[in-house]
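Model the full structure from these sequences, guided by the hints.
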Amino acid sequence: MSRLLWSFEAGAMLGSSPALGPDGSVFVGSRAGRLHAVDAAGAERWRFEAGGAMEAGPCVHPAGLVLAGSYDGQLYAIDLDGALAWKHDAGHPVMTTPCVDAEGTIWVGDDGGTLWQLSAQGEVLSRRVVADLIATSPVVAGGTVLVADGDLLGADGSVVALGVDTVVAPAAVGADGTVYLGSWSGELLAVRDGAVVWRHAVGAQVYAGCSVAADGRVLVTTRRGHVVAVSAQGERLWSRVLPNGVYGTPAIARDGLCFVGCNDSRLRALSLATGEIVWKERCGRDLRSSPLLTPEGRVIVSCWDYELYCFEGGAGGPAEGAPWAQFHGGPARLGRRSP
Amino acid sequence: MHRRQFCVQLGASAAWLALLGVPLRPRGAMAQLAAPTGPDGLPSLPTFRGNAARSLQGLGAVPRSPRLRWSFTTGTHVETMSWGQRTWKGTGWSGQAAIAGGRVYVPGLDGVCYCRNADSGEPVWEARVGDSIKSSVCHWGDRLLFGSRDDNLHCVSAVDGSLLWSLSCGGKDVDSTPVAIGQRAWFGAEDTHVYCVDPDGTVLWRRPTGGSIESSPSVVDGRVYIGSYDGQLHCLGADDGSPLWRFPTGDDTDSSPVVVDGRVFVGCENGFLYCVDAETGARIWRFRAAAGVWGTPAVVAGRVYIGDDAGLLHCLAASDGAVIWRASLGSGTWASPTVVDGCVVIGDWDGRLHCLSASDGSSIWVRPHAGTYIVSSACIAGNRIYIGVRDGTFYCLEDGP
Chain A
1 MSRLLWSFEA
11 GAMLGSSPAL
21 GPDGSVFVGS
31 RAGRLHAVDA
41 AGAERWRFEA
51 GGAMEAGPCV
61 HPAGLVLAGS
71 YDGQLYAIDL
81 DGALAWKHDA
91 GHPVMTTPCV
101 DAEGTIWVGD
111 DGGTLWQLSA
121 QGEVLSRRVV
131 ADLIATSPVV
141 AGGTVLVADG
151 DLLGADGSVV
161 ALGVDTVVAP
171 AAVGADGTVY
181 LGSWSGELLA
191 VRDGAVVWRH
201 AVGAQVYAGC
211 SVAADGRVLV
221 TTRRGHVVAV
231 SAQGERLWSR
241 VLPNGVYGTP
251 AIARDGLCFV
261 GCNDSRLRAL
271 SLATGEIVWK
281 ERCGRDLRSS
291 PLLTPEGRVI
301 VSCWDYELYC
311 FEGGAGGPAE
321 GAPWAQFHGG
331 PARLGRRSP
Chain B
340 MHRRQFCVQL
350 GASAAWLALL
360 GVPLRPRGAM
370 AQLAAPTGPD
380 GLPSLPTFRG
390 NAARSLQGLG
400 AVPRSPRLRW
410 SFTTGTHVET
420 MSWGQRTWKG
430 TGWSGQAAIA
440 GGRVYVPGLD
450 GVCYCRNADS
460 GEPVWEARVG
470 DSIKSSVCHW
480 GDRLLFGSRD
490 DNLHCVSAVD
500 GSLLWSLSCG
510 GKDVDSTPVA
520 IGQRAWFGAE
530 DTHVYCVDPD
540 GTVLWRRPTG
550 GSIESSPSVV
560 DGRVYIGSYD
570 GQLHCLGADD
580 GSPLWRFPTG
590 DDTDSSPVVV
600 DGRVFVGCEN
610 GFLYCVDAET
620 GARIWRFRAA
630 AGVWGTPAVV
640 AGRVYIGDDA
650 GLLHCLAASD
660 GAVIWRASLG
670 SGTWASPTVV
680 DGCVVIGDWD
690 GRLHCLSASD
700 GSSIWVRPHA
710 GTYIVSSACI
720 AGNRIYIGVR
730 DGTFYCLEDG
740 P
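Residue numbers (the numbering used here), protein chains in the order written: chain A, 1 to 339; chain B, 340 to 740.
Where hints are given, some of them may not hold.
To be verified - Quick look at which bits of chain A chain B covers, simulated, 3 or more residues with Cβ under 8 Å:
#1 48 to 57
#2 165 to 178
To be verified - Ranges of calculated distance between the beta carbons of each label pair, as one might list FRET restraints:
#3 Glu618/B x Gly316/A: 53 to 59 Å
#4 Ser581/B x Pro339/A: 17 to 23 Å
#5 Leu583/B x Gly234/A: 31 to 37 Å
#6 Pro707/B x Val124/A: 42 to 48 Å
#7 Ala175/A x Pro707/B: 53 to 59 Å
#8 Met420/B x Ala41/A: 33 to 39 Å
#9 Arg406/B x Ser119/A: 54 to 60 Å
#10 Gln121/A x Ser702/B: 39 to 45 Å
#11 Ser698/B x Gly24/A: 48 to 54 Å
Source of the hints: derived by calculation from the structure; they are not laboratory data. Ideal placement from N, C-alpha and C gives every residue a C-beta, glycine not left out.
So, in structure tokens, the structure goes:
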């Protein structure tokens, strides 16, 4: 049902999620500050050296730019052949994945708390300090851009009080615009029209973003290894506990499977309907980020053992009609709902 | 309390063997911690990070041209795993030696606590327990406390190394280093509990957190501060363990809270460093390093120093967390920076021991240890550096010509 197609050795710890380019290339950043482009057969096409660690996954702009932040305070825009198109000096580390709205405008946060709006050419369109530090990757939702940090903070200055301990996970957006996110107090929250419409206790602290299936069900994972499916109305559908905890967002495939990377170094395929484990594959160390699911149904995961692994998943590509099938909304990691 | 006798390895003198059978009695009043020198006038760094606030890293001068004064090699402990064998030697995390009364006490991953003459390195005694000692050593009057992977907190005589008592801690490792004040000592354990014990090993109270504890507690003004796998910084009453507040850190917190001027500084595996009000638990500022933080910050003269797993050493303003300087070590670190005499001393995953200027981060010297790594924190006292390396060697370095 599953098999390893290739693995790529990056020479440094991989703790962030890979992204997919239009030509099938996979982009991944490493703790050593290298952005690697790997082709569909697992061979390195090029690499780009930044001045600091790349702890957040890149996103791939429709204009053919790989956008990746670094601890050196720069957002790099690199073309698909590995040449630097431009860079934006944020003045503070960029440790989260940018998002790109429907007009192609880029939004990126830095550790000085500024949310920047940039054109695809790298010009600053606006900037706003929304917190002391941008803790989670920004996402496009409801005509604005949101970051989660205890409360839900908008680029337009809006604040939705969540009434939770703290939030370390980015938001996901459902088909009707409902925003879903998990909290350190162990709740999944649904926010609509500026208010929390329901909360669902998931059993432990949530570290990663959710994914949203075509039927509206939300998948959320916890640090204790829970994978929980909750309906759009906030009712529990199923729950399963995997060993050692989950720090990544599940990826939902076309054929009723979802893929979850675990801290016990295994990638698992679960039934989306029941949560039953269909297969598992072993990697060398913790999988601390989110699997990338390609249109061909390949599952690509970053591992702490310095390797990028590509498995044939035994399923199709991302589920059709799923508004938020994987980390940051889709394989290009644009941080917005799939149309 | 569970008492257990271990096979104790003999040192040169056999005289103390007789002590093993001697019934235990509480000794007189224990020396208060935090004195930079003991009653004998000799330098004293009795526990991990020197005092009950975990805020004292070293005493005296830092050698500017370090040379070897003495060294010794620990034994080896072999652990059989499902996939093969794992060898433990040298010192581990946090693995800081304690110094008091002209002696240095070294926690060995081979399961032996070594007592050596601090000046000459001559062996004084050795105390063997059932498994690796990952924690640092806490010197408590006439005795020593340390945790072990044999799931016990051990108390041995500082005089001769005889085992006084062992406290079994829920069948899990004890990697947290105790802190002692007066007649009480506090530590955490991987069984999720914070413990308070008296000098006899009687548990006065224990309080669970939501996860395994590897953080070493600080105790200031009647409050215990400690991190946990549950992603919270806990503040408990030191007298009875009553919960006072907790602060969400967002991930496993193995770093030890440092308390300075009413503020608590603590790092987290998710790369954040927090400054929290010691009274209320309210966040004052936060800072994100380039990768996870396993070390304990050094807070000295209004500055905070911390290393991260991506190999950056950060110097921040204690007031607001603003970056003053940043230096690259070249590889990640889990060790805690020792800041004294205008220097920062810290080891890394490539086995280098670095000395940098505390004022601007410029390198003063680098001492390589090829083919191994350093996760232990340095003990600096009496113008010497005491540091263990994972290849099995423990070094005393002094200033050269």
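Problem set entry | Unsatisfied constraints (hint numbers, rising) | Hint 4 is the one this structure does not satisfy, whereas the remaining hints hold.
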